[in-house]
Amino acid sequence: EPEVTQTPSHQVTQMGQEVILRCVPISNHLYFYWYRQILGQKVEFLVSFYNNEISEKSEIFDDQFSVERPDGSNFTLKIRSTKLEDSAMYFCASRSRSGDNYGYTFGSGTRLTVV
Amino acid sequence: QKEVEQDPGPLSVPEGAIVSLNCTYSNSAFQYFMWYRQYSRKGPELLMYTYSSGNKEDGRFTAQVDKSSKYISLFIRDSQPSDSATYLCAMSGTNAGKSTFGDGTTLTVKP
Chain A
1 EPEVTQTPSH QVTQMGQEVI LRCVPISNHL YFYWYRQILG QKVEFLVSFY NNEISEKSEI
61 FDDQFSVERP DGSNFTLKIR STKLEDSAMY FCASRSRSGD NYGYTFGSGT RLTVV
Chain B
116 QKEVEQDPGP LSVPEGAIVS LNCTYSNSAF QYFMWYRQYS RKGPELLMYT YSSGNKEDGR
176 FTAQVDKSSK YISLFIRDSQ PSDSATYLCA MSGTNAGKST FGDGTTLTVK P
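Quick note, the sequences are listed as chains A and B, same order. If you use my numbering, the first sequence closes out at 115, no skipped numbers anywhere. If you use my numbering, the second sequence closes out at 226, no skipped numbers anywhere.
No lab work stands behind these hints, which were simulated from the structure alone. One or more hints might be untrue.
To be verified - Just some of the chain A residues that point at chain B, by a computed CB distance under 8 Å:
#	residue
1	Y31
2	V43
3	F45
4	S48
5	Y50
6	N51
7	R80
8	E85
9	S87
10	F91
11	G103
Model, not experiment: these values are computed from the prediction. Yeah, the Cβ is synthetic: ideal placement off N, Cα and C, and Gly gets one too.
Take the sequences, apply the hints, and build the full model.
Right under this line is the structure:
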């Protein structure tokens, strides 16, 4: 079964450092998303991406965050200057254009720890 | 008031029991309703999705949506220990838009 692949699985970074989280969505999917989940809390929407541009973003997704699809397969989330409160699981998700499947396929996540 | 409220749990049932998981919501714009299963430190896995009101069945799982009451449910029949996980409801207003998730209900099925 097709998978969404995320790397790295775990990243530890110093506060103030830049991190890039990488995702390879399912190849025929057209909609891409980043969500995060702080330990013990709910899954929260960060940003959606379609047709090479951001289609929607949350209040969390401030100027410190950016997304890119640098080539036909990768989808990245960059945090420019990490804060302690950025520590969370970050999930990439994708979905096809098919009209009868409304759910996403999620990756296994990147656990980001900011120290 | 939260946009999506999920019965908090945790829920512990014996193997073979029928499990009912429930969410309520306040945003009448939600039209797409999903249930995900999440194992510890893993990504959510899509179980069921429905559009608007009605029932949908897939094996031992049944999803129900009552838009008039703003209430959705997931039923698991003949529950198995392998069903032990956290179950998340999620909803969106459009078929490709952002999803709003509930807090999750942790289910343990005891052999």
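Hint check results:
At its closest, the beta carbon of A/Y31 sits 5 Å from a beta carbon of chain B; the interface hint therefore holds under the 8 Å criterion. The beta carbon of A/V43 is positioned within 8 Å of a beta carbon in chain B (closest approach about 4 Å), and the interface hint is therefore held. Annotation: interface hint on A/F45 holds; nearest CB of chain B at approximately 4 Å, less than 8 Å. This hint holds: A/S48 has a C-beta 6 Å from the nearest C-beta of chain B, less than the 8 Å allowed.
Residue-level restraint check for A/Y50 holds (minimum Cβ-Cβ distance to chain B is 7 Å; threshold 8 Å). Annotation: A/N51 was flagged as interfacial toward chain B, and the flag is violated, the nearest CB pair being 11 Å apart, outside 8 Å. Restraint check, A/R80 versus chain B: the minimum CB separation of about 22 Å is more than 8 Å; hint violated. Among the interface hints, the one on A/E85 is violated; its C-beta lies about 19 Å from the nearest C-beta in chain B, farther than the 8 Å criterion.
Nearest Cβ of chain B to the Cβ of A/S87: about 14 Å, over the 8 Å cut. The hint is violated. The restraint placing A/F91 at the interface with chain B holds, with a minimum CB-CB distance near 5 Å, inside the 8 Å limit. A cut of 8 Å between beta carbons decides the hint on A/G103: the least distance to chain B is about 4 Å, and the hint holds.
Of the numbered hints listed earlier, those contradicted by the structure are 6, 7, 8, 9.
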